[in-house]
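**Student:** Here are the chains, one letter per residue:
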Amino acid sequence: MDNKKILAIIAAIAKKIEAEKDFLTELDNEIGDGDHGINLARGFKSVEEKLPTFADKDIGAILKGVGTQLVSTVGGASGPLYGTAFMKAGNVCKGKMELTDAEFVAALDAAINGIKMRGKAVEGEKTMLDSLCPAYKALKEDIDGGKNLIDALSDGVDAAAKGVEYTKTIIATKGRASYLKERSIGHQDPGATSSLFMLQTVLDVLREA
Amino acid sequence: MVGIVIVSHSQKLAEGVVEISKMMANAPLAAAGGLEDGSLGTSYEKICAAIEAVYSADGVIILMDMGSAVMTTEMVLEDLDKPNVKMIDCPLVEGAVLAAVESAGGKSLAEISERVEETLTAKKF
Chain U
1 MDNKKILAII
11 AAIAKKIEAE
21 KDFLTELDNE
31 IGDGDHGINL
41 ARGFKSVEEK
51 LPTFADKDIG
61 AILKGVGTQL
71 VSTVGGASGP
81 LYGTAFMKAG
91 NVCKGKMELT
101 DAEFVAALDA
111 AINGIKMRGK
121 AVEGEKTMLD
131 SLCPAYKALK
141 EDIDGGKNLI
151 DALSDGVDAA
161 AKGVEYTKTI
171 IATKGRASYL
181 KERSIGHQDP
191 GATSSLFMLQ
201 TVLDVLREA
Chain R
210 MVGIVIVSHS
220 QKLAEGVVEI
230 SKMMANAPLA
240 AAGGLEDGSL
250 GTSYEKICAA
260 IEAVYSADGV
270 IILMDMGSAV
280 MTTEMVLEDL
290 DKPNVKMIDC
300 PLVEGAVLAA
310 VESAGGKSLA
320 EISERVEETL
330 TAKKF
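The listed protein sequences correspond, in order, to chains U and R. Residue numbers for the first sequence follow the working numbering, so the first one is 1 and each next one is one higher. Residue numbers for the second sequence follow the working numbering, so the first one is 210 and each next one is one higher.
Worth double-checking, as some hints may not be accurate.
Said to hold, decoys possible - With a cut-off of at most 30 Å between alpha-carbon atoms, the simulated DSS-like pairs for lysine-lysine come out as follows: (1) Lys174(U) to Lys221(R); (2) Lys4(U) to Lys137(U); (3) Lys231(R) to Lys291(R); (4) Lys291(R) to Lys94(U); (5) Lys174(U) to Lys295(R); (6) Lys295(R) to Lys120(U); (7) Lys45(U) to Lys174(U); (8) Lys291(R) to Lys174(U); (9) Lys174(U) to Lys333(R); (10) Lys181(U) to Lys333(R); (11) Lys15(U) to Lys45(U).
What the hints assert, rightly or not - The calculated label-pair distances, taken between Cβ atoms and stated as ranges, are: (12) Ala262(R) to Thr169(U): 41 to 51 Å; (13) Leu289(R) to Asp56(U): 24 to 34 Å; (14) Glu287(R) to Lys50(U): 20 to 30 Å; (15) Thr173(U) to Ala258(R): 27 to 37 Å; (16) Thr173(U) to Lys295(R): 25 to 35 Å; (17) Asp158(U) to Ser317(R): 54 to 64 Å; (18) Thr100(U) to Val302(R): 51 to 61 Å; (19) Ala55(U) to Ser317(R): 48 to 58 Å; (20) Asn91(U) to Lys291(R): 20 to 30 Å.
Stated by the list, open to error - To list a few chain U residues with every Cβ distance to chain R over 10 Å, as calculated: (21) Glu125; (22) Ala161; (23) Glu165; (24) Ile170; (25) His187; (26) Leu203; (27) Arg207.
The hints are simulated quantities; they were obtained by calculation from the structure and are not laboratory data. Idealized CB from N, CA, C, for every residue including glycine.
One chain only, chain U, in its complex shape:
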């Protein structure tokens, strides 16, 4: 996976988030403050506009640039959360023009740890971690077991989708949805959903090649 591929992935995520903006906002209307889709779409639109300036940069610099841009433009909790995730992933990829499969896995791990740190959150609290953590686990097991990245990520995306379903069954204890207590049950988490969309988009772009 080289820096051009990373740029293509980021551009595709921006398109996907824009396309799913209303759906994500609708989910957030149910249990949150109703801005997740709008905020993320605003953030990724500004990322998209910045992409040409990242063209010849290494992967670490690209991911860091994406993170910084999200922090300063999203405006909601997903800004510092995804912003930190991209920045932490960027740290792991510093100076690299290409990533091995193992390095990709390490970058995702760093991103997830960044979200845990920033949100002071763990799995099972009805957040983006409930799709990202199962996805990482499946991906890591597959890669360690010798599977190729596309097959491994495909298992990861399936695990993330199951994680999103799981968020319907639990009470939110982090974020704005926690104010609703048991009334948050039955609704899927918008953050877990946007995380699933991002992972799905990575897989889609990798499959195109």
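With chain U fixed as given, assemble chain R onto it according to the hints.
**Tutor:** Same frame as chain U, but now just chain R:
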């Protein structure tokens, strides 16, 4: 005097808290509320600008509403890396009023921080 920054999702709320606090004491207060276009959200840039507006060697304390206000402030402070700029967990209005009074009274950053943190357990009645 120690500067005070109020971070909120709402521009009106941040400005309102500054307004109430100014009524009590003439301390250096700055509001960082809403996004650049005035819509709801927290802005990294507005927080930076507000800190700069009230910064002195005496330091700055930052009080926030919730969620992204807290996380975005955290990121600003990590990037800023100044030990005399500090975020404090407290009820926003009570904390801000007390901070303004203490700052105008010439208290230090450490003293104000300690007093303001006490409002976490303060009861209204």
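**Student:** Taking the hints in turn, state whether each one holds.
**Tutor:** Each hint, compared with the structure:
no.	hint	verdict
1	Lys174(U) to Lys221(R)	holds, 26 Å
2	Lys4(U) to Lys137(U)	holds, 26 Å
3	Lys231(R) to Lys291(R)	holds, 26 Å
4	Lys291(R) to Lys94(U)	holds, 25 Å
5	Lys174(U) to Lys295(R)	holds, 24 Å
6	Lys295(R) to Lys120(U)	holds, 19 Å
7	Lys45(U) to Lys174(U)	holds, 27 Å
8	Lys291(R) to Lys174(U)	holds, 29 Å
9	Lys174(U) to Lys333(R)	holds, 27 Å
10	Lys181(U) to Lys333(R)	holds, 25 Å
11	Lys15(U) to Lys45(U)	holds, 8 Å
12	Ala262(R) to Thr169(U): 41 to 51 Å	holds, 47 Å
13	Leu289(R) to Asp56(U): 24 to 34 Å	holds, 30 Å
14	Glu287(R) to Lys50(U): 20 to 30 Å	holds, 21 Å
15	Thr173(U) to Ala258(R): 27 to 37 Å	holds, 34 Å
16	Thr173(U) to Lys295(R): 25 to 35 Å	holds, 27 Å
17	Asp158(U) to Ser317(R): 54 to 64 Å	holds, 56 Å
18	Thr100(U) to Val302(R): 51 to 61 Å	holds, 53 Å
19	Ala55(U) to Ser317(R): 48 to 58 Å	holds, 50 Å
20	Asn91(U) to Lys291(R): 20 to 30 Å	holds, 22 Å
21	Glu125	holds, 14 Å
22	Ala161	holds, 26 Å
23	Glu165	holds, 25 Å
24	Ile170	holds, 19 Å
25	His187	holds, 18 Å
26	Leu203	holds, 28 Å
27	Arg207	holds, 34 Å
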